[in-house]
Amino acid sequence: MNFKMKSHLMDELALKRTITRLAFEIVERCKGTENMRIIGIRTRGEFLAKRIARKIEEVEGVSIQVGILDTVMYRDDFRIKKQLPAIELTDIPFEVDGKILVLVDDVIYTGRTIRAAMDALMDFGRPSAIQLAVLIDRGHRELPIKADYIGKNVPTSDNEEVRVRMKESDGKDEILLVEVDQ
Amino acid sequence: MNLSIKHLFGLEGVPKEDIDSILDTAFSFREVLERPIKKVPTLKGVTVVNLFFENSTRTRISFELAEKRLSADTVNFSAASSSLTKGESLRDTIQNLFAMKMDVVVMRHPVPGSVKLLAQFVDAVIINAGDGTHEHPTQALLDMMSIKEKYGSLNGLNVAIIGDIRHSRVALSNIFGLKTMGANVLLCGPPTFIPYGVESLGVKVTYNLDEALGFADVVNILRIQRERQGKGQIPSLREYRNVYGVTQQRLSKLKRPITIMHPGPINRGVEVDSDVADSEHSIILHQVLNGVAVRMSILYLLAGGR
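As given, the protein sequences belong to chains H and Y, one line each in that order.
Residue 1 is where the first sequence starts when you use the working numbering, and the numbers rise one by one after that.
Residue 183 is where the second sequence starts when you use the working numbering, and the numbers rise one by one after that.
Source of the hints: derived by calculation from the structure; they are not laboratory data.
Some hints could be false.
[Said to hold, decoys possible] Across the chosen pairs, the derived CB separations fall in these ranges:
id: 1; chain 1: Y; residue 1: Pro197; chain 2: H; residue 2: Lys16; range: 39 to 49 Å
id: 2; chain 1: H; residue 1: Gly139; chain 2: Y; residue 2: Leu471; range: 40 to 50 Å
id: 3; chain 1: H; residue 1: Ala86; chain 2: Y; residue 2: Leu215; range: 15 to 25 Å
id: 4; chain 1: Y; residue 1: Asp460; chain 2: H; residue 2: Lys152; range: 52 to 62 Å
[Stated by the list, open to error] Over 12 Å on every C-beta distance to chain H, these chain Y residues come out as not near it, computed from the model:
id: 5; residue: Leu279
id: 6; residue: Gly414
id: 7; residue: Arg432
Note that this is a predicted model, so its numbers are computed, not measured.
A virtual CB, placed ideally from N, CA and C, is assigned to each residue, including glycine.
Kindly generate the complete structure, drawing on both the sequences and the hints.
What follows is the structure, encoded as structure tokens:
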């Protein structure tokens with residue numbers, strides 16, 4: 001699969017500022033941190049969730065627990081994919097009953113991952129609300145799902161992809177828009 | 183993530199990469215068993231038939247739970263209440279069952295190799311739940327998962343398997359799996375229970391229990407099948423206990439504590455004493471929980487794409 005660079009969406013500094021803004025928005029909208037819990041969707045959503053949590057801790061002077069969610073068990077595409085996706089550990093180390101859960105993912109596209117994530121969270125109890133924070137909203141939703149906190153809206157076409165690279169997994173922070181030959 | 187194997191007949195010849203995938207996925211599934219709602223939709227629409235031609239409590243319930251936790255539909259079949267008693271052949275029974283569209287079959291059968299025969303006339307994923315004295319691969323996988331949970335890795339660990347090796351499918355599957363994963367395996371039991379030439383599988387043998395306990399990081403103690411006494415294989419249960427029973431007295435002579443495992447059902451006071459089986463170094467109940475997780479993992483990895 002070949003791809004060519006279309007544009008550079010964010011560099012390290014822009015990503016840092018975006019995370020700071022998302023952190024402030026989340027605290028403001030949840031009216032503090034007492035009833036709020038952050039859950040990152042594997043893989044890069046986990047890193048983002050941890051960075052957002054660290055930012056909130058810095059600003060509010062509290063400690064924030066972060067949950068990690070793997071959505072593979074709830075996916076709807078086993079039958080149409082050739083390669084079976086690996087199932088990794090989910091770790092939600094707190095009660096979710098009555099809490100506002102802020103789901104964090106890097107890119108929202110069709111909305112199917114978020115559907116799977118919401119189904120998964122419901123199996124942990126009854127949160128008072130689930131909200132969604134994403135770094136990039138690239139459009140093309142196939143389900144009626146909308147993010148509450150958005151880093152950047154990026155109109156895309158179907159043959160484009162958003163590549164999010166983060167220090168934790170890729171050695172550096174950058175977000176690229178690329179065009180893919182199918 | 184796809185395994186190189188299509189069915190799980192046994193662990194003989196199963197590559198290390200496959201065993202690693204099965205164990206890693208099993209740890210992820212075990213988390214599901216600790217949730218308030220212990221069910222995921224992963225195998226929705228997949229039908230599994232549990233064909234049990236031999237009695238089983240633990241393995242059968244464990245498989246059934248694993249299937250239900252994954253939202254698969256399950257059908258249970260036990261030989262005693264089936265048309266086999268009316269004279270229908272095994273092949274006809276199974277072909278009729280599969281005409282009803284099954285995706286996966288979990289089979290326990292007294293004849294070694296019966297699972298491979300089954301694969302020749304049905305188009306389904308086949309999982310061996312014990313074929314005679316041959317293999318019991320899911321038991322060995324849950325044993326390895328339990329060891330890995332405690333030690334982080336199997337490579338270089340010393341594992342002693344104690345008891346009736348000759349009639350044990352658990353022992354054979356463990357030998358294949360543990361050797362593939364790089365563990366050192368020592369077998370221990372009376373000579374009548376050690377198969378001739380077993381060293382060719384890359385294991386060592388001793389007839390001295392204290393030597394086996396001194397060697398081991400982990401001991402896997404097999405059940406003494408009571409029906410074997412009085413047939414010239416062991417003189418009596420009491421004598422077996424005196425020579426091969428794992429007791430606190432023997433363990434207290436060791437320099438370091440060792441981990442105690444048993445596939446169940448336990449004959450307390452024969453192959454192992456109660457205070458040993460229930461001690462802080464015993465992981466017997468972890469084995470039972472891990473059994474459900476490992477079976478979920480295998481079901482997902484073999485039937486997930488169907």
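Now for the hints, and whether the structure bears them out:
1. For the hinted restraint 39 to 49 Å between Pro197 of chain Y and Lys16 of chain H, the CB-CB distance of approximately 44 Å keeps it satisfied.
2. The hinted window of 40 to 50 Å between Gly139 of chain H and Leu471 of chain Y holds, with their beta carbons roughly 44 Å apart.
3. Restraint check, Ala86 of chain H to Leu215 of chain Y: a C-beta distance of roughly 19 Å satisfies the suggested window 15 to 25 Å.
4. Distance hint for Asp460 of chain Y and Lys152 of chain H: a CB-CB separation of about 58 Å, consistent with the stated range 52 to 62 Å.
5. Annotated as non-interface, Leu279 of chain Y keeps its C-beta farther than 12 Å from every C-beta of chain H; the closest such distance is 23 Å.
6. The non-interface label for Gly414 of chain Y is consistent with chain H: the shortest C-beta to C-beta separation is roughly 49 Å, beyond 12 Å.
7. Once the 12 Å rule is applied to beta carbons, Arg432 of chain Y is consistent with being away from chain H; the minimum gap is 38 Å.
Checked against the numbered hints given earlier, this structure breaks none of them.
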